[in-house]
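Protein chains: 2
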Amino acid sequence: MRGVVMYGPGDVRVEEREKPTITRPTDAVIKIAATCICGSDLWPYRGTDTVHEAPMGHEYVGVVEEIGADVSTIKVGDFVVGSFMASDNTCEICQAGYQSRCVHVVPMGQYGTQAEYSLVPHADGTLVATPAQPDSDLIPALLAASDVLGTGWFAAVAAEVGPGKTVAVVGDGAVGLLGILAAKELGAERIIAMSRHADRQALARKFGATDIVEERGDEGVAKIKELTNGLGAHSVIEAVGTQESMMQAIRSTRAGGHVGYVGVSHDVALPGQELFFSGVHLHGGPAPVRRFLPELIQLIWDRKITPGDVFDLTLPLEDAAEGYKAMDGRRATKVLLTV
Amino acid sequence: MRGVVMYGPGDVRVEEREKPTITRPTDAVIKIAATCICGSDLWPYRGTDTVHEAPMGHEYVGVVEEIGADVSTIKVGDFVVGSFMASDNTCEICQAGYQSRCVHVVPMGQYGTQAEYSLVPHADGTLVATPAQPDSDLIPALLAASDVLGTGWFAAVAAEVGPGKTVAVVGDGAVGLLGILAAKELGAERIIAMSRHADRQALARKFGATDIVEERGDEGVAKIKELTNGLGAHSVIEAVGTQESMMQAIRSTRAGGHVGYVGVSHDVALPGQELFFSGVHLHGGPAPVRRFLPELIQLIWDRKITPGDVFDLTLPLEDAAEGYKAMDGRRATKVLLTV
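Just so you know, the sequences run in chain order A and B. For the first sequence, our numbering assigns the number 1 to the initial residue and increments by one for each residue that follows. For the second sequence, our numbering assigns the number 340 to the initial residue and increments by one for each residue that follows.
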């Protein structure tokens, strides 16, 4: 089968890889319908993380090709969406809603879903079937549910977004934008998008942003304070993962407010004393997307949300290298690869 | 009047200070019945924080001596308990339960309650009167409510302690011990005290600890994991404020669990990537004691809790220097000063 392999920074190739086969009775193999490139795939692409000849991709939707003997909740032919972390969904941590930290967790990235097929461990716990075969226009939205939508949604939940609240969103990538969509769905009264790109601002507004702040860092914080009677936002979504973005998020939050952070932290050190006196709640990490999948799939199926809007470039799998280049150069927010 | 003044590290004196008088219509002056020495008073005593000729103390109970024209909820002669942070209790932040971050907050430490009298700003928002003049044996417990009990209680609430949960407590000072008491009152199923001092272990057990872990750092974490099926505690109370204690708390918490931290952070830097992948909730800071005062006073009044047990040395105000020395040398957990 064809699949994406990263050989090192900037070196992405599509080549022949071995088609996966079932090795455990709880496995499934799916034929990928669509996959995409994640903001986190840019960390190794830019050399921040080290890779060598690694299969790439952890977002996916597709059709079940084969199932192991113990798989019971999905069947061959089902159209399925799964999280970027495979989980048994039965352990104590999964049952508490933290499937991305399942005691038997398997990162899907190790299989590389930017390919024609993928193995999915813990198929029962990981995959959720759609009510029927989806219309093709729903596929991008379902694919978004696999990671970026689920992550933005978790960020909003972690930030305790709700009715009557003012929410600020740090980061205008796909996750930040879908954090805005989630905040809107969760009933936020006011949603402030921090963005300086006209196209992303437009999508932010479409998703429900009521205000745009172009300033960053201390100036951005001052602007959020100005818009919130000097107090800061009730809820802040952090969707970048740098020292600056984390501090911008913490400082934009009022005492007793909540920061939901989902940008994968790189070289971040939080100053204890400042955090202590900020009085904020901090919660985040790898999103337990599986917790939200049934609800998100239903919202998409009922055409109540359009998270597929974050894909602004669609390429065939064979052109994956061009997709990485476009995201790296910020010519695309999020690239969908058709398979 | 007589009052404690710290001249520098290790240099505590009791000397004549000017008796406070009302300057704003929302002020009160109280005659202190009892006050105490806080773990945080040791930071300047040990030279970690810088002070010069500073009045000391922020914990207090006493009788209202005089009130400003606008004070309406307390009257002269009332026996009152107040938080270590004076707050108006009407602003948006106070109403959300974060009175220690009131937009008009005044730290009581600047008045120095280790004295015969103290000014209390925002008297209506800060002070809570007891149902009647307390029996003298209740005074230590009411005094504890002013800071250490309220702080331990907040830590337990921040750590989302509740029925069915396993709680670990890092730190066996007065706050950690009262975090145990709070966890017990809030219905925790299992409470693991991390302590290596026999006397403190005994008090921990009296307050409700079901297990004692003597190990610290990585060994302590391993022990907590061992006691929790490899997962970590649901809720962890951090009541020290050092890098080691914070990391011990975070690492002892299961994914999706809650850390309530109330040790005043000194030289702490939290590694972002580890925090991200820990998946814990982090909340803490200066405890909004005022939020809990009515409930805590009632529990004490009804003799349901005995937080005054943390005082293991009682001295007259005049001997404050000896009290500091005893706490610094760990000969006393918490020193009560009678006035």
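A hint or two may mislead.
What the hints assert, rightly or not - Here are a few chain B residues that face chain A, going by a calculated C-beta distance under 10 Å: (1) ARG440; (2) HIS443; (3) GLY547; (4) ASP550; (5) ARG593; (6) PRO625.
Bear in mind the hints are in silico, worked out from the structure with no lab data behind them. Note that the structure is a prediction, hence the values are computed from the model and not measured. In this text, a Cβ means the ideal position worked out from N, Cα and C, and glycines have one as well.
Subject >> Structure versus earlier hints, numbers of those that do not hold, lowest first >> reply: 2, 3 and 4
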